[in-house]
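There are 2 protein chains.
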Amino acid sequence: MKCDYEKYALIFKALSDETRLKIVSMLSDKELCACKILEAFNITQPTLSYHMKLLVDTNLVNAVKNGSWVNYSINEESKEELLMFLSQLLKAKCTCEKRRD
Amino acid sequence: MKCDYEKYALIFKALSDETRLKIVSMLSDKELCACKILEAFNITQPTLSYHMKLLVDTNLVNAVKNGSWVNYSINEESKEELLMFLSQLLKAKCTCEKRRD
DNA sequence: AAATCATATAGACAACTGTCTATATGTCAT
DNA sequence: ATGACATATAGACAGTTGTCTATATGATTT
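From first to last, the protein sequence lines are chains A and B.
First residue of the first sequence? That's 1 in my numbering, and the numbers climb one at a time after it.
First residue of the second sequence? That's 1 in my numbering, and the numbers climb one at a time after it.
Certain hints may be false.
One copy or two, it doesn't matter: identical chains are merged, so the pair holds either way.
[Stated by the list, open to error] Here are the computed lysine-lysine pairs in the BS3-like style, where the Cα-Cα straight-line distance is at most 25 Å:
hint, residue 1, residue 2
1, 7, 91
2, 91, 13
3, 53, 7
4, 91, 53
5, 22, 7
6, 65, 30
7, 53, 30
8, 91, 36
9, 36, 65
FYI, nobody ran anything at the bench for these hints, they're computed from the structure.
Just need the whole structure built from these sequences, with the hints factored in.
Here it is as structure tokens:
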């Protein structure tokens, strides 16, 4: 097992805020631009920008610029890695398939 | 899906510190008393006590007093719940068996 | 009951976090 | 080029975090 505690501590820190947890949940359903995410919360645009930067910095979320819009989505590889890490951290009886797409 | 974001944000906060992540990893191997955990880190006893209280408060870690010792262990139910939550949050193709013991 | 040992609590403090307002940057339409 | 729009950055600030030292609590041993 790769025991990169520092890296995963940062990812869990990114998930340790209720707003960011909800954002990740929204992105798991589908790719969204910042303005769509903003509509779902009672925060200002700069605050959302702060949260998105934090999520993107952990690499759990992708940001792709499209004109003046930014489309955010879940990074599938990071997602699988995170699930693997947590399963192994907890020595869970858990099997996670690698996605093919 | 149970969408208890506030609860899980707190659990991820507990896992967002490298020391606590390592403690959880140690406890996944076996139950340990505070003094044994302390040996593995360069922190003072009150600092460890602070971290353990934080972990126990999330219910991810059990604390059982045995005389003046306290034995810490992973709470199996919380562990499974956490893995389920993360899998479902990320819409993972992941199957986690419920343990029978 | 006194001494020792394991753990918890209190208080202090520097560093970090999440939020805001104000402003900047970059893109698109006119 | 100008105006409008989407997003990012800067700076401020109150609240939280992780650490320490000092001390308290509670259990065990002598």
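Evaluated hints:
Both within a single protomer and between protomers do residue 7 and residue 91 lie at most 25 Å apart by alpha-carbon distance, with minima of 19 Å and 22 Å respectively. Taking the closest pair of Cα atoms, residue 91 and residue 13 come within 25 Å of each other both inside a single copy (21 Å) and across two copies (20 Å). In this assembly of identical chains, residue 53 and residue 7 lie within 25 Å of each other by CA distance both inside one copy and across copies; the values are 16 Å within and 23 Å between. For a Cα distance limit of 25 Å, the shortest separation of residue 91 from residue 53 across copies, 22 Å, qualifies, whereas the shortest one inside one copy, 31 Å, does not.
Both within a single protomer and between protomers do residue 22 and residue 7 lie at most 25 Å apart by alpha-carbon distance, with minima of 21 Å and 12 Å respectively. When the C-alpha separation of residue 65 and residue 30 is checked against a cutoff of 25 Å, the pair qualifies only within one copy, where the shortest distance is 16 Å, while the shortest distance between copies is 47 Å. In the homo-oligomer, the alpha carbons of residue 53 and residue 30 lie at most 25 Å apart inside one protomer (18 Å), although the nearest pairing across protomers, at 37 Å, exceeds that limit. In this homomeric assembly, residue 91 and residue 36 come within 25 Å of each other (Cα to Cα) only across copies, at 20 Å, whereas the closest approach inside a single copy is 38 Å.
In the homo-oligomer, the alpha carbons of residue 36 and residue 65 lie at most 25 Å apart inside one protomer (15 Å), although the nearest pairing across protomers, at 50 Å, exceeds that limit.
Going through the hint list in order, the structure satisfies each hint without exception.
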